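> Listed below, chain by chain, are the residues.
There are 2 protein chains.
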Amino acid sequence: MNYPNGIKKREELKNDVKISHKNRGMTLEYELNITNEYYREIDKAYIYKKPTPIKIVKVDYPSRDKTVIKEAYFTIPSTTDYNGLYHGKYIDFEAKETQSRTSFAITNIHPHQIEHLKNINRHEGIAFLIIRFTMLGETYLLTISKFLEYLEKTNKKSIPIDFFREEAYLIRDGYRPRVDYLKIVDELMGGKK
Amino acid sequence: MNYPNGIKKREELKNDVKISHKNRGMTLEYELNITNEYYREIDKAYIYKKPTPIKIVKVDYPSRDKTVIKEAYFTIPSTTDYNGLYHGKYIDFEAKETQSRTSFAITNIHPHQIEHLKNINRHEGIAFLIIRFTMLGETYLLTISKFLEYLEKTNKKSIPIDFFREEAYLIRDGYRPRVDYLKIVDELMGGKK
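Chains as they are written, first to last, in numbering that gives the first Met the number 0: chain A, 0 to 192; chain B, 0 to 192.
Think of the hints as simulated: they come from the structure by calculation, not from any bench.
Some clues are possibly wrong.
Intra- or inter-copy, both count: the list cannot distinguish identical chains.
Listed next, the in silico SDA-like pairs over lysine to any residue satisfying Cα-Cα at most 25 Å (straight line) [to be verified]:
1) Lys-43 / Gly-87
2) Lys-69 / Pro-50
3) Lys-65 / Arg-121
4) Lys-43 / Asn-32
5) Lys-57 / Asn-32
As the structure is a prediction and not an experimental result, all values here were calculated from the model.
Work out the full structure: start from the sequences and follow the hints.
Structure follows, in structure tokens:
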């Protein structure tokens, strides 16, 4: 099972610390969270990260108004991590970081997440992936149609960086907002590319 | 703090059992889940309940591919429980049951959920509440505009059943779908009431 966002194994946590020492900075998830917060602050869009899905097995009630979850497990999400509303439009995406310099492994996206993004696309929602190549410092928005096109054409297990460079949209780092993906969505809604 | 959906205190669980013995049946949450499942099956709409938000404090790794959450707490949700896509439109709602026969206590909806629904409404999403008066066997869809209108007019702490009977839409029980709230949304999109 893939590891859900936000929760990391100890080894990964160590890596994070190493990365931040090198000044490579914040995780994509954190940057998207502050970006979405900023969009809300300026009343531009209402897009949220969904809570991590878990199955609760045991709950304790040490006192009347306190509840402690004592045993629970991560479950595989049936949808994507982010969704919301922008300009009257339904927005839906999944975001992933990769440490690879050459390609993005398709197994990072669960089959039912792909199914979900297809459904959203068919029903006129705006669906995409945000993929960051951490070591290259490149973050891309890949529309779900381009992603599905790639899946149909090939049976490879990964998408090479060149495909992103040619077919996806580079999201430039900013200060506020940090990861201005709605700028790309504006282009998509305007019909470019 | 309010008790999140899906997790019940032991006393409430006992009540549920009592209710089902009386043949009063399933909880609203369960009925909405099977309704949304049905909508997906017939490719009508993609609306999901969000996972319950929790704050994870302690995680154990008894083996390489197993992760157990050993300590976590429920947190107050900043958005509503349900959102998704229907006919290219963003749908957002909160659902609550009340045991009262006379009124619905407004404190059941968190202030930031009200704020969230206002934002969705302003940005052309379709926002509403689904309120069930369990003892009366009546389930209503109340649009966020009608709800806000009521909040502005009054400083009462609850909404009387008569307000629902006059200003909200009764959702009739069905077999499949069980709680056909999209039928009402169709009316709203068509501009009735």
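> May I ask which of the numbered hints given earlier this structure violates, with the numbers listed in increasing order?
3
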